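Number of protein chains: 4
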Amino acid sequence: MLYFKSDYTEGAHPAILEALVRTNLVSQPGYGDDCFTAAAQEKIRLACGCPEAEVYLLTGGTQTNLVVISSLLRRWEGVVCAESGHIAVHEAGAIEFSGHKVLPLPSHAGKLCAEELAALVERFYADETHDHMVFPGMVYLSQPTELGTLYTKAELEAIAAVCRRYEMPLYLDGARLGYGLAAEGNELGLADIAALADVFYIGGTKVGALCGEAVVFPRGNMPPHFATMVKQQGAMLAKGRLLGVQFDALFTDGLYFEIGREAVALAMKLKKAFVQKGYPLFLDSPTNQQFVILTAEQEARLAREAAFERWEPVGDGCYAERFVTSWATTEEQVDALIALL
Amino acid sequence: MLYFKSDYTEGAHPAILEALVRTNLVSQPGYGDDCFTAAAQEKIRLACGCPEAEVYLLTGGTQTNLVVISSLLRRWEGVVCAESGHIAVHEAGAIEFSGHKVLPLPSHAGKLCAEELAALVERFYADETHDHMVFPGMVYLSQPTELGTLYTKAELEAIAAVCRRYEMPLYLDGARLGYGLAAEGNELGLADIAALADVFYIGGTKVGALCGEAVVFPRGNMPPHFATMVKQQGAMLAKGRLLGVQFDALFTDGLYFEIGREAVALAMKLKKAFVQKGYPLFLDSPTNQQFVILTAEQEARLAREAAFERWEPVGDGCYAERFVTSWATTEEQVDALIALL
Amino acid sequence: MLYFKSDYTEGAHPAILEALVRTNLVSQPGYGDDCFTAAAQEKIRLACGCPEAEVYLLTGGTQTNLVVISSLLRRWEGVVCAESGHIAVHEAGAIEFSGHKVLPLPSHAGKLCAEELAALVERFYADETHDHMVFPGMVYLSQPTELGTLYTKAELEAIAAVCRRYEMPLYLDGARLGYGLAAEGNELGLADIAALADVFYIGGTKVGALCGEAVVFPRGNMPPHFATMVKQQGAMLAKGRLLGVQFDALFTDGLYFEIGREAVALAMKLKKAFVQKGYPLFLDSPTNQQFVILTAEQEARLAREAAFERWEPVGDGCYAERFVTSWATTEEQVDALIALL
Amino acid sequence: MLYFKSDYTEGAHPAILEALVRTNLVSQPGYGDDCFTAAAQEKIRLACGCPEAEVYLLTGGTQTNLVVISSLLRRWEGVVCAESGHIAVHEAGAIEFSGHKVLPLPSHAGKLCAEELAALVERFYADETHDHMVFPGMVYLSQPTELGTLYTKAELEAIAAVCRRYEMPLYLDGARLGYGLAAEGNELGLADIAALADVFYIGGTKVGALCGEAVVFPRGNMPPHFATMVKQQGAMLAKGRLLGVQFDALFTDGLYFEIGREAVALAMKLKKAFVQKGYPLFLDSPTNQQFVILTAEQEARLAREAAFERWEPVGDGCYAERFVTSWATTEEQVDALIALL
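Residue numbers (the numbering used here), protein chains in the order written: chain A, 3 to 343; chain B, 3 to 343; chain C, 3 to 343; chain D, 3 to 343.
I should point out that these hints are in silico values taken from the structure, not numbers from a laboratory. Treat the hints loosely; a few may be bogus.
One copy or two, either will do: identical chains are not told apart, so a pair holds if it fits within one copy or between any two.
[Unchecked claim] Under the rule of at most 16 Å between Cα atoms (straight-line distance), these lysine to aspartate or glutamate pairs were calculated in the EDC-like manner: (1) 155 <-> 318; (2) 271 <-> 186; (3) 279 <-> 333; (4) 45 <-> 157; (5) 155 <-> 124; (6) 271 <-> 133; (7) 7 <-> 130; (8) 279 <-> 129; (9) 274 <-> 186; (10) 279 <-> 130; (11) 7 <-> 118; (12) 7 <-> 54; (13) 7 <-> 299; (14) 271 <-> 159; (15) 279 <-> 85; (16) 155 <-> 186; (17) 7 <-> 35; (18) 271 <-> 301; (19) 7 <-> 133; (20) 155 <-> 35; (21) 7 <-> 44; (22) 155 <-> 299; (23) 273 <-> 189; (24) 45 <-> 130; (25) 271 <-> 118; (26) 274 <-> 117; (27) 274 <-> 20.
Everything numeric in this text was worked out from a predicted model, so none of it was measured.
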């Protein structure tokens, strides 16, 4: 079976496993006070060009969204996001369970639009009864989005400008950030993101780690008592080193970026093949997630030899399907899939 | 430096790392639907003698307590525990953050007393105004306790009987269960615990894993939609295999029990040396945590070459100190520490 | 100044004040265990034709929505409602603060559509990843709606049928129910509502009481420990009699219905005058809330002598405006307003 | 039957009902923006000698505790109180339901001790692991206490000093404040309380109102967006005037103080009679709640003609019993009860 179902179907990049083995017997304090975490934090600060950044390592994506959002929002505030945003759909209501409303805006191939964001906020403050409503307290977006698309620099700047005007922190979910950084035409490096976002995370789980996401507060703006809130939500590992060792490895010798480049190159090869063979794209993604339209018959035939994900029906008995590459995808697998098309 | 500070200061038992390396490239579904998790679940069912048990793997101890307790309690209920219980003290109010009161009872060397539990519940229901109070909805205890002590079979049976009389689920926190199972004189095997508790967890993080705790619902009594609640609290790993592979390894060829036996044997050797050299014990623990009383001078001298934890002042300028062994402790380290006494 | 701003700008119907004065010195137990509450409950059961109904009196509308919804939903569930629903907009995120997502559907002049409801639920259960999503756990609607409109019997039956098919309780917010019951052409009496809804409330605050809403569980289906949950949310009055006396008065000699009839008659007179004088209606409401479109100039002129509420801009410099009648509105006031048009 | 069961078994002081009748038809905005609320706020500011105080009217005691405490605490904080405190026992876990731990200290006839409070806070900050614990974030106490006792000025000053040293707001629950202000020997007037507490409430429900508690932030220190949080917890009345009219009446011509004086005078007469007839006091209360020890036989006999509350067993088959006076108690009733002793 050829696996293109997601970027979390194998273990970890071999360099990460090696690092875990190599450091295994070094005795270190728990709860993230270990030397590996410190090294990872420093390397991430360097990669972001933010010497004053504060970095906190967490375990998974939903956990990170939950901890960050519920730590930043005040009680009367909600978080604005695209209606396709992960927190709005696929996190089992985690944000609401923590007491906050998700305020949805239209999704444009997964992206928020700065004008619509500004309009929402202006309408809110213009409403005389807004004290009876949920305040727009922060903005959430994903880069790449859940649909593999990317914000341009101008788009993110426009959103960040609205956020600053209304004092709403801008939070960027980088679950697959490595694949965005490596995309052809990507305009937003780590330093750009650090300059525009108030907090973001560099995804590890989907970019080569066993688990782990690195939250970055680029201007030393971590909320007070953040660690206590992490603990309060059950998100603190006793062996914090597990995250430290992995991110230390990911940010040594550019491994994080290399993983992204290789997976994206394979995704582009696959996309080109789909297009050349006449399969319509559901949308044009420059990152490791590719969305193609198959007929039911094509889906059934391919599914006999490849694992991929039915995304949604698109009418006429056809379906948008998702094919994903990762650090674990090989050129042989891509070629074999192409041969099946 | 000789490390006796805790049982989470090194990585994982080598057999676990080996298993992670060996399985790394096997493609498997995410979110715990992988074959390694299935194998681990089956081995745990066997070890507990509970073919109908439902097993769910989570990442850490506070997370597990939070998810289990908040999934089992109904809105009007709180959880009874010893005032020294981990959930009552060192989890940053996680249970309260999830909406529930922790109802404390006196701690007897870390243990609940069945009579005091019964009295609390009887007093509650006898109170005419109890509809205005928090219902005692479940009981939490640790085996071994936070102080390294163990419940006898009769003690746990008595508590379980009170729980059944009042229909309160009994939840056993086994963060260090492996060290309890291996203790000399321990009367409570996995099958006994499975028979008496309504839910318990087999701790991995402190017993050789990088992370991971195995929640067991011994009578197929996992609450409906448990996975959704896990997701809702940010506790579901995309690469659930990370937990599956580790517990599969821990329950292969009795590794979990062997880790416990070796660490406890070293702890007993250390305790014996303390006693022989005239150090008073703070309490008599049969497990991997040893509590000894040192003068400030003794503490300062030992601390130059060994890492251990000051537990609490006991008067006269003396302190209870905690020394912990684990799978990573070697006989050489114990001998070196003894030589310092 | 002629007051048409809302139906909560005066105190209480005189018969209610009289009842409060008359019963003032009767000593009765607190917390709703008084004889007046018992009498009110019995009269409401009679009025609904539900001898087995359980009735609980609460203080205000948002409080009632919050208590009822958060008591009925299970942790993994959210509440479906029209995007114009009061809980979705004007309750400051109370439902989310209690841990639950509001799942919005399009508003059709304030109303839910049964087909869209069914489609939402079907799409949810058809989604393979729905365990990672918020379950549609109950349905909320208002009768009359926030826009003064009414469900027909067929519409409510269709929605109730979807609710039953998917085991979602149907909750009807009757903040202004008295004005709906009295509307010309209304097809849904209390007995119909009791037959179709699983829980509903009969609004008092906006229909002549100082405060108070009567929650009805028509088939004895009040959740267990409901009173404890009421207390837990700070919603239990020590002097529960305050609510009991008022609802006893409202359901004595048909006062509740009479209040509705008189206010609606005046609203119809006003609507007729608007139409006759050529003012366009924003929508056609048969109840005590009337929505008319005014130019900015008309608004400014009228506002000098009458209080009403600007609802929303409708383009071309015009505004939808709300005019509300109540038990306190007199024919003289309506005539005076008409004279100004 | 002679009613001494509580101070909420009748309606309202006649002057309050009169005010409700008198103001009934005055049209005023909702949600507390009415002229009666404004007048009440101003009179309360005057009575407290705090021109800059912010006053917010809420409906009931548990609601007030819930709203105030959950608005002031930050996520990582809990509230310290005596283990007999109302929030710790009889509010169905409302504080925990809002996400916060109640941190209990010993009760000394219902009162906190400043030294014990200081010790708790010092121990907390001295603990190296306190980031894993619940921070003591504010202090709650009742004046009079749940046992009718009063803090002296020196006692409250000592507690306030600890609060200031550690930047913990001091919150005083004045559910029965009127009866404390009127007690012989009371050292704490409204101005003293306003000077020492950071927030307190003046209880209405138990001191002559139908419902209502006035929250006072004496130094203009109401938290931002307090009204939105009130709404979010379902605690905002549409007809806020109901509370405004009542507090306006209570603070006109000293009615609030007069109600206290009369009820306390009757309570003192009753206490004197108990003592003279040889009944042992459970404790010596100077306010409207009296606690006396009765044998089971005495209890049974008295209960045939009087309603009072069994408080708790005190051994030897005897019970502490509570007798309460209020604005509604008459001298005739007290004399009749005394005649039964």
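Here is how each hint holds up against the structure:
{"no.": "1", "hint": "155 <-> 318", "verdict": "neither (37 Å within a copy, 36 Å between copies)"}
{"no.": "2", "hint": "271 <-> 186", "verdict": "within (13 Å within a copy, 62 Å between copies)"}
{"no.": "3", "hint": "279 <-> 333", "verdict": "neither (18 Å within a copy, 65 Å between copies)"}
{"no.": "4", "hint": "45 <-> 157", "verdict": "neither (28 Å within a copy, 52 Å between copies)"}
{"no.": "5", "hint": "155 <-> 124", "verdict": "neither (24 Å within a copy, 39 Å between copies)"}
{"no.": "6", "hint": "271 <-> 133", "verdict": "neither (53 Å within a copy, 34 Å between copies)"}
{"no.": "7", "hint": "7 <-> 130", "verdict": "between (49 Å within a copy, 14 Å between copies)"}
{"no.": "8", "hint": "279 <-> 129", "verdict": "neither (53 Å within a copy, 29 Å between copies)"}
{"no.": "9", "hint": "274 <-> 186", "verdict": "within (14 Å within a copy, 65 Å between copies)"}
{"no.": "10", "hint": "279 <-> 130", "verdict": "neither (57 Å within a copy, 29 Å between copies)"}
{"no.": "11", "hint": "7 <-> 118", "verdict": "neither (33 Å within a copy, 31 Å between copies)"}
{"no.": "12", "hint": "7 <-> 54", "verdict": "neither (38 Å within a copy, 31 Å between copies)"}
{"no.": "13", "hint": "7 <-> 299", "verdict": "neither (19 Å within a copy, 61 Å between copies)"}
{"no.": "14", "hint": "271 <-> 159", "verdict": "neither (31 Å within a copy, 55 Å between copies)"}
{"no.": "15", "hint": "279 <-> 85", "verdict": "neither (33 Å within a copy, 44 Å between copies)"}
{"no.": "16", "hint": "155 <-> 186", "verdict": "within (14 Å within a copy, 58 Å between copies)"}
{"no.": "17", "hint": "7 <-> 35", "verdict": "between (36 Å within a copy, 14 Å between copies)"}
{"no.": "18", "hint": "271 <-> 301", "verdict": "neither (20 Å within a copy, 63 Å between copies)"}
{"no.": "19", "hint": "7 <-> 133", "verdict": "neither (45 Å within a copy, 18 Å between copies)"}
{"no.": "20", "hint": "155 <-> 35", "verdict": "neither (36 Å within a copy, 39 Å between copies)"}
{"no.": "21", "hint": "7 <-> 44", "verdict": "neither (34 Å within a copy, 26 Å between copies)"}
{"no.": "22", "hint": "155 <-> 299", "verdict": "neither (40 Å within a copy, 45 Å between copies)"}
{"no.": "23", "hint": "273 <-> 189", "verdict": "neither (21 Å within a copy, 58 Å between copies)"}
{"no.": "24", "hint": "45 <-> 130", "verdict": "neither (48 Å within a copy, 28 Å between copies)"}
{"no.": "25", "hint": "271 <-> 118", "verdict": "neither (35 Å within a copy, 41 Å between copies)"}
{"no.": "26", "hint": "274 <-> 117", "verdict": "neither (33 Å within a copy, 41 Å between copies)"}
{"no.": "27", "hint": "274 <-> 20", "verdict": "neither (34 Å within a copy, 39 Å between copies)"}
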